[in-house]
Structure formats: C-alpha cells, structure tokens
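Quick mapping for you: the protein sequence lines, in order, are chains A and B.
The numbering of the first sequence is this note's numbering, which starts it at 1 and goes up by one.
The numbering of the second sequence is this note's numbering, which starts it at 1 and goes up by one.
Mixed in with the good hints, there may be bad ones.
To be verified - So the derived label-pair ranges between C-beta atoms look like this:
1. A:Ser73 <-> B:Thr65: 38 to 44 Å
2. A:Ser18 <-> B:Glu66: 51 to 57 Å
3. B:Ala13 <-> A:His85: 41 to 47 Å
4. B:Ser25 <-> A:Gln60: 25 to 31 Å
5. A:Lys20 <-> B:Thr65: 43 to 49 Å
6. A:Leu118 <-> B:Ser9: 32 to 38 Å
7. A:Glu63 <-> B:Gly96: 21 to 27 Å
8. B:Arg81 <-> A:Arg10: 19 to 25 Å
9. A:Leu26 <-> B:Arg81: 20 to 26 Å
10. A:Lys41 <-> B:Leu80: 20 to 26 Å
11. B:Thr56 <-> A:Ala2: 16 to 22 Å
12. B:Asp67 <-> A:Leu68: 42 to 48 Å
To be verified - From chain B, some residues computed to sit far from chain A (all C-beta separations above 12 Å):
13. Thr5
14. Pro7
15. Asp11
16. Ala13
17. Gly15
18. Arg16
19. Asn19
20. Thr56
21. Ser61
22. Ile63
23. Asp67
24. Lys69
25. Thr72
26. Ile74
27. Pro76
28. Arg81
Hint data in this document are derived by calculation from the structure and do not stem from the laboratory.
Fair warning: this is a prediction, and the values are worked out from it, not measured in the lab.
Note that CB positions come from ideal geometry on N, CA and C, so glycine has one too.
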Amino acid sequence: GAVVSQHPSRVICKSGTSVKIECRSLDFQATTMFWYRQFPKQSLMLMATSNEGSKATYEQGVEKDKFLINHASLTLSTLTVTSAHPEDSSFYICSAMLLAGGQGDTQYFGPGTRLTVL
Amino acid sequence: DAKTTQPPSMDCAEGRAANLPCNHSTISGNEYVYWYRQIHSQGPQYIIHGLKNNETNEMASLIITEDRKSSTLILPHATLRDTAVYYCIAKRGSQGNLIFGKGTKLSVKP
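All chains should be built: construct the whole structure from the sequences, respecting the hints.
Right, here's the structure in full:
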C-alpha cells in the first residue's frame, strides 16, 4: 500500500516551453501533497505544499507564477513548469501525505521526474 | 522542527547489521523521528518512524533513547540493495514539513 506515481519519469524540452508533471496517490487519498526539487549531489528542497481544493503554499524563493501547482482531487496534484529554462533542469519529486490519526502522518514519495531543458 | 545530525558516511558488510545513528538533542515532545532512504536517482522511500517507543517493521528497527535526544536505525541483515543515503528527520506528526539534511551515505560491501 501507500504507492505514489509520477508521470512522466523523464522529459526533455526546449527552452521556453511548459512542462506538466503529474503526481498520483494510487491507493489512498491525500489531502496534502508536496513538491520537491533536487539538484545533482544535493538534498531534496521543498518547493511547495499543495492542499486539495485550495491554493498551494510556496517556500521562500520559489516563483509561484513559474511553478504552477494544481491539486484538483484527493489523488492528483500537478506541477507545471512554465517557460522552462536550462536552470530549471532538475529532479522533481512529489509526495503525498497519508494521515495516521494521531500516530504520526507519513509522506510517501513518487519515483521522481527528471527534467532536462535544452 | 528540531535539527538532526548524522555521520556523512558509513560502511557495512553484507549480511551484517547496519546501525545508523542520529542525534536530535533539541527535539520537542510532539516531534516524531522519521527515517527515509534514497537510492540513486529514485524518490525517497519511507522506512519507519517513532515518537518515544522503539519500533520495528519489515524493513528496520528504530531505537530511541529514553531522553529522546538520539536514535538508531537498525537494518538487521544489510544487503547490497540497502546501499543508499539515509535521512533522519524530526517532524511534528501532522504538521511541519520534512526537511532533508545531507543524511548518511551507507555503502554495503560484499
């Protein structure tokens, strides 16, 4: 149980185009999902927290107009990188929160999406 | 959320127990200790978490000291596939965010 998928797993695009990444919780409903970014040889950095039916909360330094997040259902969140540039090339990872009713809620992560902007 | 400190790297022989330490001396009473691992080029994998009591699941055991200032993740019989970066994170159960530090790079050797 507690499986999170991401699509696509890898994408290459030209500079200036937009790319959409999907994150799905396959066997549980997630009110809250998270988006992270990881550059080579660095740790994961939280970009934003996404709550179903409301606007995402972005971390300091993350441009909300560049990284559009939509969490329209309890099993799907999307991240759209608008007007992508080479510096946006990174490993994007989502996670979904499984509520545990007071026993410590747990985030389960997707496999990640490798974005390369040429 | 409390800061955690982990050794940057550790080696372990295949088949032996891997004991990964974590210090969290400023942890507060409502913060859980979570362990994740990340195998190269994959998303992090949840391992285990605990509040005060020791915990065990099919993957590992978590030993938390009585004062909660440190903990140890134990992989009882390490295999080559356990080679990964292991992250220890202190977080309030239903609030706060998972803040990933640099973790411990565990290398399991044949």
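Verification of the supplied hints:
The hinted range of 38 to 44 Å is satisfied by serine 73 of chain A and threonine 65 of chain B, whose Cβ atoms lie roughly 42 Å apart. Evaluation of the 51 to 57 Å hint for serine 18 of chain A and glutamate 66 of chain B yields a pass: the beta carbon distance comes to about 53 Å. Restraint check, alanine 13 of chain B to histidine 85 of chain A: a C-beta distance of roughly 46 Å satisfies the suggested window 41 to 47 Å. A C-beta distance of roughly 26 Å is found between serine 25 of chain B and glutamine 60 of chain A, which places it inside the suggested range of 25 to 31 Å.
For lysine 20 of chain A and threonine 65 of chain B, the hinted distance range of 43 to 49 Å is satisfied, since their beta carbons lie about 46 Å from each other. Distance hint for leucine 118 of chain A and serine 9 of chain B: a CB-CB separation of about 35 Å, consistent with the stated range 32 to 38 Å. Checked against the hint of 21 to 27 Å, the C-beta distance between glutamate 63 of chain A and glycine 96 of chain B comes to roughly 23 Å, which is consistent with it. Arginine 81 of chain B and arginine 10 of chain A have their C-beta atoms about 22 Å apart, which keeps the hinted 19 to 25 Å range intact.
Remark: the range hint 20 to 26 Å for leucine 26 of chain A to arginine 81 of chain B is upheld by a beta-carbon distance near 23 Å. Distance hint check: the CB atoms of lysine 41 of chain A and leucine 80 of chain B are about 22 Å apart, consistent with the given range 20 to 26 Å. Restraint check, threonine 56 of chain B to alanine 2 of chain A: a C-beta distance of roughly 18 Å satisfies the suggested window 16 to 22 Å. Judged by the Cβ atoms, the range 42 to 48 Å given for aspartate 67 of chain B and leucine 68 of chain A holds: they are separated by roughly 45 Å.
For threonine 5 of chain B, the condition that its CB be more than 12 Å from all CB atoms of chain A holds, with the nearest at approximately 14 Å. In this structure proline 7 of chain B is separated from chain A by more than 12 Å, as the shortest Cβ-Cβ distance comes to about 15 Å. Taking the minimum C-beta to C-beta distance to chain A, about 20 Å, the non-interface status of aspartate 11 of chain B holds against the 12 Å cut. Every CB of chain A is more than 12 Å from the CB of alanine 13 of chain B (nearest about 26 Å), matching its label as outside the interface.
Annotated as non-interface, glycine 15 of chain B keeps its C-beta farther than 12 Å from every C-beta of chain A; the closest such distance is 28 Å. Every CB of chain A is more than 12 Å from the CB of arginine 16 of chain B (nearest about 27 Å), matching its label as outside the interface. For asparagine 19 of chain B, the shortest C-beta to C-beta distance to chain A comes to about 22 Å, beyond the 12 Å cut-off, and the non-interface label holds. For threonine 56 of chain B, the condition that its CB be more than 12 Å from all CB atoms of chain A holds, with the nearest at approximately 15 Å.
The claim that serine 61 of chain B lies off the interface holds: its Cβ sits roughly 16 Å from the closest Cβ of chain A, which is beyond the 12 Å cut-off. No Cβ of chain A comes within 12 Å of the Cβ of isoleucine 63 of chain B; the nearest lies about 17 Å off, and the non-interface call holds. Every CB of chain A is more than 12 Å from the CB of aspartate 67 of chain B (nearest about 19 Å), matching its label as outside the interface. Non-interface status of lysine 69 of chain B relative to chain A is upheld: no Cβ of that chain comes within 12 Å, the nearest being about 18 Å off.
Even its closest Cβ contact with chain A, about 18 Å, leaves threonine 72 of chain B beyond 12 Å, as expected for a residue assigned away from the interface. Listed as outside the interface, isoleucine 74 of chain B is consistent with that label: its C-beta sits roughly 19 Å from the nearest C-beta of chain A, beyond the 12 Å cut-off. Distance to chain A confirms proline 76 of chain B as a non-interface residue, since its nearest Cβ pair spans about 22 Å, more than 12 Å. Every CB of chain A lies more than 12 Å from the CB of arginine 81 of chain B, the least distance being 16 Å, so the non-interface label holds.
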